[in-house]
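So the protein sequences, as listed, match chains Y and H.
According to the working numbering, the first sequence is numbered sequentially starting from 1.
According to the working numbering, the second sequence is numbered sequentially starting from 1.
None of these hints come from the bench; they were simulated from the model.
Among the hints, a few may not be true.
In silico lysine-lysine, DSSO-like type, Cα no more than 30 Å apart, as pairs [said to hold, decoys possible]: (1) 229(Y) - 255(H); (2) 74(Y) - 421(H); (3) 387(H) - 156(Y); (4) 210(H) - 156(Y); (5) 74(Y) - 225(H); (6) 229(Y) - 387(H); (7) 156(Y) - 225(H).
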Amino acid sequence: MRKKAIRLSAAARREQNWGWFMVGPTIAGLLILNVWPFIQTLYASFCEHLGFGHYKFIGFENYVNMFQDPDFWKATWNTAYFCILTVPVGLFLSLLVAILLNAKIKGKGFFRSVFFLPMICAPAAVTMVWRWIFNSEYGILNQIFGTHISWITDSKVVMIACAIVAIWSAIGYDAVLLLAGLQNISKSYYEAASIDGAGKVTQFFRITLPMVSPTLFVVLIMRLMASMKVYDLIYMMVEDTNPALTSVQSLMYLFYRESFVAGSRGYGSAIVIWTVLLIGIVTIIQFVGQKKWVNYEI
Amino acid sequence: MRRKPGILAAVLALALLLSLSGCGASDGKTHLTFQIWDVAQRDGMQAMCDAYTAQNPDVVIEVQVTSWSEYWTKLEAAAESNTMPDLFWMHTDQILYYSEFGMLADVTDLFPYEEHYSDISISNATGSDGRMYGVPKDKDNICLVYNREMFDAAGVAYPDESWTWDDLEAASQAIYDATGNYGYMAYNDEQLGYHNFVYQNGGCILTEDKTRGGFDQEATRAAVKYYVGLQGNDWCPNQAYFAETSPGTAFFSEKGAMFLEGSWNLLSEMNNYPDMVGKWDIAVLPAAPDPVSGDGRATISNGLTYATGAHGKNLEVALDVLTYFAGEEAQRIQGESGAAIPAYEGLEETWISAFSKFDYQLDLEAIMSQFDYCVQYVNNAARPKWKSGVVDIMTSIYNGSVDIDTGLDQIQELINTETAKKLADS
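From just these sequences and the hints, can you work out the full model?
Given below as structure tokens:
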């Protein structure tokens, strides 16, 4: 069946024009700041960067080199490992904090501010402090536990150290989002459930979790994307003379070092395209998977 | 009433336009920006600029500091979009790359450099085509910094010209035994580390004509192996330690007795650690005991340059400022501020005078005497392409994931491949 062209009245057309006029700046911004750079990056990934914006087209060479580079596969695994370490634990803790902050406790406002504090600190400053906490010789962490763990130079534990900082920094923000979701749940559900004899645990799994699941889904997507793009934290924690570098180097860190330290921006662009693909695939899987667990019926 | 949004939009647009035009200077003076990366030298640079603007009141120069790690990312982006600062520092690592792409103004004819600058200074400012793209700013070299108290505690004589690597090891062991502190802290670094040892041993990082690496030479390989092997001693921290605590931090918190330091850091270390003044001093680098060639002495000497973009809007004024920077007056101001040793020959004393305010006088003559046998900072046109790769391989050698002979072969191949590619391109 052919769609009929809808004829608009003069007033509706005027309204439509105004609509375009209003969203125009945003669309223009999106095109100039997001879409165009993406196209340029895509093109650059097929080129060798000679210097100062001069590119030479070399076809798939960057991708061929990339897939043969053990550092690249290591970085891909590191990124996945970082997500595995930070996302589930981070989500669980944020939900826990959100539920606690939603309870009737004294000084709720104070605790909410405290948990949100890491968000308003500059990530670079936060990481510097954590580096001192983790310092194997003089750090407070080893002092307290009487251990001698090389948190940021031992290739086996360095990722865990980074994950701890990442989770710590993100909990406050995620908890605030989840808190908003929790507060949207009508009290009457809980009252009805209590009358029917449902315990706190049953209430959590039957009421709270399903009702907060849309927010949880948004937080999950955001956190996973942020974790796949992790760069600043690792860059600040681990310098390039750190012997544990290859055990913690994420895709974005590798991209930075290839593009801006080694100057191979074509190769760096190929890494970016690969990361975009990965994030895209993971996000699609999540959107398909959400049908199984996210509840949009109120 | 329907016209109102249109009028509003027009007013807003006008306001926007006005605010944009407000960015331009309205005082009729030429405003120049001067980008540097070392915050410790800001005052010295500002003093030079002030001296220039006092003679040229129609010029205003603003000194901006960007940290070293972001400096090159920023400058390259600026070069691509033709928005380079009017004046900026150039480093030996980058000058060939920038000049090759025509980003830097030719400054060869601004000043009779040969009369007042050393060959190394001029060479550090020269592009692959033999023209000069920077005005020599300063010169530096690497010295041995040592903790006098720890030497006294161990009953070891202070380092002097007679020292060799063997003395370095013996003193380190004695200090470790007597005080429990680290001896010489052999840090994985090029300029402040193994490059010095390589040249002392008669080896080289690049061959004389700069077309090949020197990592296939026995002298080079032996020196790197020796240097890497130092961290196997009890008295030397390993690289994991340095990843958390830089050798300078360890030294000034009295955890280690010796490390290699660049002359450019000495003044700020005197300023920043007032409690340590008098407890430490400097000496010439220890010599190779059994060099393959040469007398065993060497230190890496580098020098920065002042440069300006080839297509700058204020090129003429910027070149005039550079001419002033090349002259004796500006170089003297730089030296007296303690910023760095002037590249201008005969003004070395001005830098030494900047240290006279301290109660304890460092043996700065050690730095001066090392200029007689210093080696020019390693550089060729492909260096930006291989530098980070070499650092990565050295890290792998240090953490044991690559066997040292294999690693040295990889470094040699990397340098040769990238250099050959560069030569073929140009």
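Going through the hints against the structure:
At most 30 Å may separate the alpha-carbon atoms for a hinted pair to count; residue 229(Y) and residue 255(H) exceed this at roughly 38 Å. With a C-alpha separation of about 28 Å, the suggested pair residue 74(Y) and residue 421(H) falls inside the 30 Å cut-off, and the hint holds. Simply put, residue 387(H) and residue 156(Y) have alpha-carbon atoms about 28 Å apart, close enough for the 30 Å limit, and the pair holds. Note on residue 210(H) and residue 156(Y): the hinted pairing is violated, with a Cα-Cα distance of about 40 Å set against a maximum of 30 Å.
With a CA separation close to 28 Å, the supplied pair residue 74(Y) and residue 225(H) stays within the 30 Å bound. As the CA atoms of residue 229(Y) and residue 387(H) are separated by approximately 26 Å, the hinted pair is consistent with the 30 Å bound. For the hint linking residue 156(Y) to residue 225(H), the alpha-carbon distance of about 27 Å falls within 30 Å, and the restraint holds.
Violated hints, in rising order: 1, 4; the structure is consistent with all others.
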